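Work the whole structure out from these sequences, hints included.
Heads up: the sequence lines are chains A and B, in that order. My numbering applies: residue 941 is where the first sequence begins, and numbers increase by one. My numbering applies: residue 16 is where the second sequence begins, and numbers increase by one.
It should be emphasised that the hints constitute simulated quantities derived from the structure, not laboratory data. Please read these numbers as outputs of a predicted model, since none were measured by experiment. Possibly wrong hints are sitting among the right ones.
As the list claims (entries may be wrong) - Pairs of lysine-lysine, DSS-like flavour, derived with a Cα cap of 27 Å:
1) Lys-205/B x Lys-1072/A
2) Lys-1019/A x Lys-347/B
3) Lys-182/B x Lys-981/A
4) Lys-164/B x Lys-315/B
5) Lys-268/B x Lys-50/B
6) Lys-980/A x Lys-297/B
7) Lys-1106/A x Lys-297/B
8) Lys-319/B x Lys-297/B
9) Lys-1072/A x Lys-341/B
10) Lys-1150/A x Lys-964/A
11) Lys-1106/A x Lys-1150/A
12) Lys-301/B x Lys-1106/A
13) Lys-202/B x Lys-224/B
14) Lys-341/B x Lys-268/B
15) Lys-164/B x Lys-184/B
16) Lys-202/B x Lys-268/B
17) Lys-159/B x Lys-182/B
18) Lys-1179/A x Lys-1092/A
19) Lys-199/B x Lys-980/A
20) Lys-1106/A x Lys-981/A
21) Lys-50/B x Lys-159/B
22) Lys-245/B x Lys-50/B
23) Lys-301/B x Lys-329/B
24) Lys-168/B x Lys-184/B
25) Lys-1019/A x Lys-341/B
26) Lys-1092/A x Lys-297/B
27) Lys-199/B x Lys-159/B
28) Lys-1145/A x Lys-981/A
29) Lys-1072/A x Lys-329/B
30) Lys-184/B x Lys-981/A
31) Lys-202/B x Lys-1072/A
32) Lys-224/B x Lys-297/B
33) Lys-1179/A x Lys-1102/A
34) Lys-1008/A x Lys-1019/A
35) Lys-268/B x Lys-1072/A
36) Lys-1072/A x Lys-297/B
37) Lys-341/B x Lys-1092/A
38) Lys-347/B x Lys-1072/A
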Amino acid sequence: MSRLLFLYCMMIAVSIFGQHQIQKVGIHFFFNQEPLMANKKHLLKDSFSYVSISNFKFYLSEIKLVNKTQSKVYSKSDKIQLINFNLLEEEKSTFENDFISLEVPSGIDDSCYLSFVIGVDSTTSRAGNFTKSLDPTLGMYWAWNTGYIHFKLEGESNLFSKTSPKFSYHIGGYSGTYATQTHCISRLYFPLNGENNPYINIDLKDYLFKMMKLYKESMVMIPGEKAKTFANNFPMLFKQ
Amino acid sequence: MRQYILFVLFFFVLFSFSFLKKKEFVFIENIPWPKPIHNYTQTPNYEAKFQLGRSLFYDPLLSADSTISCSSCHLSFTGFAHVDHSLSHGINGQIGNRNAPALINLAWSPSFHWDGMFSSLESQSLNPIESPIEMNMPISKLEKTLNLKNNYKTMFYNAFGDSVIDKEKILNSLAVFVSALVSKNSKYDKVMRKDKGVSFTDQENRGYKIFQIACASCHQEPLFTNHSFKRNGLLVDSALNDLGRYNVTNNPKDSLLFKVPTLRNIQYTFPYMHDGRFMRLKEVIKHYSNLSFKNIELSKELRKMKALGEHEQKDLLSFLYTLSDKEFLFDKRFQFQR
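Here you go:
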């Protein structure tokens, strides 16, 4: 009897602890395949032009782990997460910055994809629930009628102007023609050593250059047609 | 043997007490608030005027294309400041040349805007409403627009006994709302009032002492501003070329003078300075700590400042955080009414 009880307990233990479930998906930030570092001047081919990023934050929602055709969902998260590339050390314990909270069941491999929306849905934007990642003191909220800034990208580049190199792209708008919540998918990568969390890659270069070519202005600050174009091109940030 | 151990333990405990630091004494005095300059609370139909002012404050109808309201640059949760934007933006995404200041305790302010252009709480809101790069709405057009709205005609009637909407009533009701934005319940205030169970930590105490020596000459308690105009050593941004109070008076002596802002809720009203050039409060403290007393351009109070060490800067920061008043920041009466 005691042997059976022992065997039973072992089976339960194995079922609980044997299925290793990862709770995080990392995000690796790049600029033209170079690791992105805050305020570092990333030089371009001509060795004179540069881009530096000082601020890069965006909301992720409707996060799911799916197969390539998105016909199967392995896990999902209902949380709206604010990803902040340049979070200060003292803020890291409060908010996610370079990882996504999501269960990754065992057996998942790099044939899987991460499906998500960049932005905050219209219901949440209107609800007035200003807690945690939706806290307006985080600098990602406009006003009641315009809602959240879904995507904020700021930095400098002498491609704009030597005297005014700064650029600021605040992409938002939650309803109507110019709603900018955008669905994206990304390949999921697993580290070769098998020790660290799976991750996705974001490379800003192609996206930023396309936007800079389309619009010569260095500022987009309100919902509208320009913000919509910026949002429509979000999928360029991720490898599929 | 047991007695010997007890004896040693007793002296060990006694010895240990001698190393406990004495709390540094800081003189805490509950400084009485002055009388407000702009006090509308006794006016007839005050509550109706407050609610009308709040409606107008949050209504994008006040802008030419109905996209921008006062709250677009003055967010309630961040001290009615424009957080995370160095320079505020208005209609069509146009960028201004200044950071929208916090709207906190304006009832006590003798002047408004970074250069003190306005001394009337009522007329000051005309500037952003009519400015082509802010809301771009001529007041005469706004009068006509609001007079076509039955809900506003009702609200104006309740507030003023007259449903005909004019410029004076619009500006008056906005002033009633804005004057009601009073923040006086931060941790600092509770300590000053000696509220039960509330006291500064050692670090906050040290920070308060540093504040009293280094900052209080301009950021006077309890409003944490003396409403004066100072030259604080900021270099002119050549792209903006903003000379501050000189733009109002044309007096060369007023060049680069800017209004001393309140430090209440300073933790949440970033970025800082008239052009939002400092994103973090640490940068502000560092700026003041690095001022040279030899710089004769500085206002006289700042020429006497001594440089603060790293620990002193952290202590000061810790004290400044006690000026945050979450009851004010999340007061539903001041928010958009859903």
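Against the structure, the hints:
1. At roughly 26 Å between alpha-carbon atoms, Lys-205/B and Lys-1072/A fall within 27 Å of each other, so this suggested pair holds.
2. Between Lys-1019/A and Lys-347/B the alpha-carbon distance is near 25 Å, which keeps this suggested pair within the 27 Å criterion.
3. Between the alpha carbons of Lys-182/B and Lys-981/A the distance comes to roughly 51 Å, so the proposed pair goes past 27 Å and is violated.
4. Annotation: proposed proximity of Lys-164/B to Lys-315/B is violated, straight-line Cα distance about 53 Å (limit 27 Å).
5. A C-alpha spacing of about 31 Å is found between Lys-268/B and Lys-50/B, which places the hinted pair above 27 Å, so the restraint is violated.
6. With a CA separation close to 21 Å, the supplied pair Lys-980/A and Lys-297/B stays within the 27 Å bound.
7. This hinted pair checks out: Lys-1106/A and Lys-297/B have alpha carbons roughly 22 Å apart, not beyond 27 Å.
8. This hinted pair checks out: Lys-319/B and Lys-297/B have alpha carbons roughly 20 Å apart, not beyond 27 Å.
9. This hinted pair checks out: Lys-1072/A and Lys-341/B have alpha carbons roughly 15 Å apart, not beyond 27 Å.
10. Proximity of Lys-1150/A to Lys-964/A is assessed by CA-CA distance (about 31 Å); at most 27 Å being required, the pair is judged violated.
11. Only pairs whose Cα atoms come within 27 Å are accepted, and Lys-1106/A paired with Lys-1150/A is accepted, the gap being roughly 17 Å.
12. The hinted pair formed by Lys-301/B and Lys-1106/A meets the criterion: a straight-line CA distance of about 23 Å does not exceed 27 Å.
13. For a cut-off of 27 Å, the pair hint linking Lys-202/B to Lys-224/B stands: about 16 Å separates their Cα positions.
14. The hinted pair formed by Lys-341/B and Lys-268/B fails the criterion: a straight-line CA distance of about 39 Å is larger than 27 Å.
15. Between the alpha carbons of Lys-164/B and Lys-184/B the distance comes to roughly 15 Å, so the proposed pair stays at or under 27 Å and holds.
16. Distance hint between Lys-202/B and Lys-268/B is unfulfilled; the C-alpha atoms sit about 39 Å from each other, more than 27 Å.
17. Only pairs whose Cα atoms come within 27 Å are accepted, and Lys-159/B paired with Lys-182/B is accepted, the gap being roughly 10 Å.
18. Using a Cα cut-off of 27 Å, the hinted pair Lys-1179/A and Lys-1092/A holds, with the two alpha carbons roughly 20 Å apart.
19. Restraint check for Lys-199/B and Lys-980/A: not satisfied, since their Cα atoms lie roughly 42 Å apart, outside the 27 Å limit.
20. Straight-line distance between C-alpha atoms of Lys-1106/A and Lys-981/A comes to about 13 Å, which keeps the hinted pair within the 27 Å bound.
21. Taking the CA atoms of Lys-50/B and Lys-159/B, the gap is about 37 Å. The hint is violated against a cut of 27 Å.
22. Between Lys-245/B and Lys-50/B the alpha-carbon distance is near 24 Å, which keeps this suggested pair within the 27 Å criterion.
23. For the hint pairing Lys-301/B with Lys-329/B, the CA-to-CA distance comes to about 10 Å; that is within 27 Å, so the pair holds.
24. At roughly 11 Å between alpha-carbon atoms, Lys-168/B and Lys-184/B fall within 27 Å of each other, so this suggested pair holds.
25. Using a Cα cut-off of 27 Å, the hinted pair Lys-1019/A and Lys-341/B holds, with the two alpha carbons roughly 25 Å apart.
26. Simply put, Lys-1092/A and Lys-297/B have alpha-carbon atoms about 23 Å apart, close enough for the 27 Å limit, and the pair holds.
27. A threshold of 27 Å between alpha carbons decides the hint, and for Lys-199/B with Lys-159/B the separation of about 38 Å lies outside it, so the pair is violated.
28. Under the criterion of a C-alpha separation no larger than 27 Å, the hint pairing Lys-1145/A with Lys-981/A is consistent with the structure, at around 13 Å.
29. With a C-alpha separation of about 26 Å, the suggested pair Lys-1072/A and Lys-329/B falls inside the 27 Å cut-off, and the hint holds.
30. A distance of roughly 53 Å separates the Cα atoms of Lys-184/B and Lys-981/A; the hinted pair therefore is violated under the 27 Å criterion.
31. For the given pair, Lys-202/B sits about 22 Å from Lys-1072/A by alpha-carbon distance, which is consistent with the 27 Å threshold.
32. For the given pair, Lys-224/B sits about 18 Å from Lys-297/B by alpha-carbon distance, which is consistent with the 27 Å threshold.
33. The hinted pair formed by Lys-1179/A and Lys-1102/A fails the criterion: a straight-line CA distance of about 32 Å is larger than 27 Å.
34. A threshold of 27 Å between alpha carbons decides the hint, and for Lys-1008/A with Lys-1019/A the separation of about 23 Å falls inside it, so the pair holds.
35. Distance restraint check for Lys-268/B and Lys-1072/A: the Cα-Cα separation of roughly 47 Å exceeds the 27 Å cut-off, and the hinted pair is therefore not satisfied.
36. With a C-alpha separation of about 24 Å, the suggested pairing of Lys-1072/A with Lys-297/B holds against the 27 Å cut-off.
37. The straight-line distance between the Cα atoms of Lys-341/B and Lys-1092/A is roughly 26 Å, inside the 27 Å bound, and the hint therefore holds.
38. Between the alpha carbons of Lys-347/B and Lys-1072/A the distance comes to roughly 18 Å, so the proposed pair stays at or under 27 Å and holds.
Violated hints, listed in ascending order, are 3, 4, 5, 10, 14, 16, 19, 21, 27, 30, 33 and 35; each of the other numbered hints is respected by the structure.
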